[in-house]
Amino acid sequence: MTERRVVITAASAITPIGHGQKPIVESLVNGKSGVATLRDDHFVSRFIHSRVYGTVGYPIEYDFSRQHRKTMGPVSYYACQVAKEILEQAGLPRNFVTGGRLGIAFGSIHGSPTVQREIYRIFFNAGDRESYQGIGAVDYLKSMVHTTAVNISKMFGITGRIISSGTACTTSSQSIGYGYEAVKYGLQDAMLCGGADEYDTTTVAVFDNLLACSTAFNDRPEQTPRPFDRARDGLVVAEGAGAVMLEEYEFARKRGAEILAEVIGFACNSNGGDLILPNLDGITKTLKLGLENARIHPSDVDLISAHATATKMGDIIEAQATGAVFGKTPAVVALKSYMGHTMAACGAIETVVTLYMMQEGFIAPTLHLEEIDDRCAMIRHVQKPEETPVKTAAIQNFAFGGVNTSLLIRKLT
Amino acid sequence: MTRQEIEKEIRAIFLREFEVENPEPDVNLRDAYGFDSIDAIELLMEIEKVLGTELTQAEKKKAMDIRTLNQIIDYVQILADCRQTESEKN
Numbered sequence: 001m002t003e004r005r006v007v008i009t010a011a012s013a014i015t016p017i018g019h020g021q022k023p024i025v026e027s028l029v030n031g032k033s034g035v036a037t038l039r040d041d042h043f044v045s046r047f048i049h050s051r052v053y054g055t056v057g058y059p060i061e062y063d064f065s066r067q068h069r070k071t072m073g074p075v076s077y078y079a080c081q082v083a084k085e086i087l088e089q090a091g092l093p094r095n096f097v098t099g100g101r102l103g104i105a106f107g108s109i110h111g112s113p114t115v116q117r118e119i120y121r122i123f124f125n126a127g128d129r130e131s132y133q134g135i136g137a138v139d140y141l142k143s144m145v146h147t148t149a150v151n152i153s154k155m156f157g158i159t160g161r162i163i164s165s166g167t168a169c170t171t172s173s174q175s176i177g178y179g180y181e182a183v184k185y186g187l188q189d190a191m192l193c194g195g196a197d198e199y200d201t202t203t204v205a206v207f208d209n210l211l212a213c214s215t216a217f218n219d220r221p222e223q224t225p226r227p228f229d230r231a232r233d234g235l236v237v238a239e240g241a242g243a244v245m246l247e248e249y250e251f252a253r254k255r256g257a258e259i260l261a262e263v264i265g266f267a268c269n270s271n272g273g274d275l276i277l278p279n280l281d282g283i284t285k286t287l288k289l290g291l292e293n294a295r296i297h298p299s300d301v302d303l304i305s306a307h308a309t310a311t312k313m314g315d316i317i318e319a320q321a322t323g324a325v326f327g328k329t330p331a332v333v334a335l336k337s338y339m340g341h342t343m344a345a346c347g348a349i350e351t352v353v354t355l356y357m358m359q360e361g362f363i364a365p366t367l368h369l370e371e372i373d374d375r376c377a378m379i380r381h382v383q384k385p386e387e388t389p390v391k392t393a394a395i396q397n398f399a400f401g402g403v404n405t406s407l408l409i410r411k412l413t
Numbered sequence: 414m415t416r417q418e419i420e421k422e423i424r425a426i427f428l429r430e431f432e433v434e435n436p437e438p439d440v441n442l443r444d445a446y447g448f449d450s451i452d453a454i455e456l457l458m459e460i461e462k463v464l465g466t467e468l469t470q471a472e473k474k475k476a477m478d479i480r481t482l483n484q485i486i487d488y489v490q491i492l493a494d495c496r497q498t499e500s501e502k503n
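Protein sequence lines, in the order shown, are assigned to chains A and B. Position 12, counted from 1, in the first sequence is what this note's numbering calls 12; the numbers after and before it change by one each time, with no gaps. Position 9, counted from 1, in the second sequence is what this note's numbering calls 422; the numbers after and before it change by one each time, with no gaps.
Hints in this document: simulated from the structure, not taken from any laboratory. Take the hints with a grain of salt, since some may be wrong.
[As the list claims (entries may be wrong)] Each pair of labels, with its calculated beta carbon distance range:
(1) B:GLU437 with A:TYR185: 47 to 55 Å
(2) A:TYR140 with B:VAL440: 39 to 47 Å
(3) B:GLU467 with A:PHE47: 33 to 41 Å
(4) A:SER45 with B:GLU430: 25 to 33 Å
(5) B:ASP449 with A:GLN383: 49 to 57 Å
(6) B:GLU418 with A:GLY134: 22 to 30 Å
(7) B:ASP449 with A:ILE60: 20 to 28 Å
(8) B:GLU467 with A:TYR140: 41 to 49 Å
(9) B:THR469 with A:LEU277: 25 to 33 Å
(10) B:LEU428 with A:PRO23: 32 to 40 Å
(11) A:GLU88 with B:GLN484: 36 to 44 Å
(12) A:ILE60 with B:GLU430: 20 to 28 Å
(13) A:SER65 with B:GLN417: 27 to 35 Å
Computed from a prediction, not measured in an experiment: that's the story for all the values here. For each residue, glycine too, the CB sits at the ideal point set by N, CA and C.
Full structure from sequences and hints, please.
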């Protein structure tokens, strides 16, 4: 199969530390956290031990018409907004956008939990016709697992293929990876890729019941999560969205598009075992497969964006796997230290933030990394901002279910 | 219900639920306002509220051929008259 080069021509993100490049970079430079106190949802929040949440705490001006809003839950607002921004940024001609050679790879962990909660509330209260009728005709469209991808396709008239992975924390790294493969092998000429997740306390409840959430910093939310730090005590669930536009290199070059970076490799594998525990062999293999796919040496990588959720075991296993494959050469940053774990969006957001660092020529430190856990010390942690060019970066993500991804990007010179 | 009362109710629904102000009476609603099958289902639920009674599946299916505001008003008029007749019989 002929392999084509794939480049990134646009990127945007809505995150707990800002919306778009300038505010996000400012937060990184100033060491600003986007973690806040968990809001009362009048549902399960009163039982949750972890009182922290990576919150998008600023208003976003949406200008979606009712024709589009009627099938959108909160998750699709985030998704369509970042999609709109990267379509504008990429400047693709309208006839290309609607012509079938632009596809979408976009997902969320399970559609819109806010809408699903209302549906279930009605189910459990049902018993009369009025309650039954409360299930609106559009509730499924708002809450289904591929709601983000199809709402984007509807809003912008995109007619290419739809990929909507829903693999928890690897959802959007898979979006980018599978989008990359679709363009690389000529199935599409461009792919709009990303992921989103909305504010959702039921996700917090799941991790809270697994004792995986941070609880020791409930009175100081901005000091958690603490990836790789000795005092880390678990992850912080967060909301947000990230998206990138992938295009075939020659197509992008000929139309004069700004090229932010090239996607040079992607790998995805499964641990084939436990669905929760991190797996050293599985993760190590993913990282090696990513390098093989990119046809580069570990020492070629300048920067690694670690998955690093700040759980006790997850960080240790990731540090061990990363150390075994890359040694101490590349700088390693844990971006979740700034914003928490944005679930389906994390792979895309971390790719976008890595692109921003590439563009700005600096590497943000892992926030709150005051005392490195000895068991995580076999990699080169970034503890202070570094002004340095970043040419090649790896973005690592691992998900519940034992799914691992590694994405490699390189700045064009 | 008089035809005038029905028209007032339907126009209020269009403004409140579909953000369509003063729809033209005889234009194709899909072409002019993007009124689609999802909106049609929502409209039927609103019509049930106006009439204060449930629509049968057969009655709902008849609505699927409607294209204009005047046709909606005709449709509701027939339903309202039927219910009035039934109520007088009982």
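Hints versus structure:
1. Look at GLU437 of chain B against TYR185 of chain A: about 50 Å separates their beta carbons, and that is inside 47 to 55 Å.
2. The supplied range of 39 to 47 Å is broken by TYR140 of chain A and VAL440 of chain B, whose beta-carbon atoms lie about 30 Å from each other.
3. Taking 33 to 41 Å as the suggested C-beta distance range, the pair GLU467 of chain B and PHE47 of chain A conforms, at roughly 39 Å.
4. Range check, SER45 of chain A to GLU430 of chain B: Cβ separation about 32 Å, and the 25 to 33 Å hint holds.
5. Checked against the hint of 49 to 57 Å, the C-beta distance between ASP449 of chain B and GLN383 of chain A comes to roughly 55 Å, which is consistent with it.
6. Distance hint check: the CB atoms of GLU418 of chain B and GLY134 of chain A are about 27 Å apart, consistent with the given range 22 to 30 Å.
7. Under the hint 20 to 28 Å, the C-beta atoms of ASP449 of chain B and ILE60 of chain A, about 26 Å apart, fit the expected range.
8. For GLU467 of chain B and TYR140 of chain A, the Cβ-Cβ distance of about 22 Å falls outside the hinted range of 41 to 49 Å, so the restraint is violated.
9. Taken as a hint, the range 25 to 33 Å is violated for the pair THR469 of chain B and LEU277 of chain A, whose Cβ atoms sit roughly 55 Å apart.
10. Range check, LEU428 of chain B to PRO23 of chain A: about 38 Å between beta-carbon atoms, so the 32 to 40 Å window is met.
11. Range check, GLU88 of chain A to GLN484 of chain B: Cβ separation about 40 Å, and the 36 to 44 Å hint holds.
12. Roughly 24 Å separates the CB atoms of ILE60 of chain A and GLU430 of chain B, a value that falls within the hinted 20 to 28 Å.
13. Our hint of 27 to 35 Å for SER65 of chain A and GLN417 of chain B holds, since their Cβ atoms are close to 30 Å apart.
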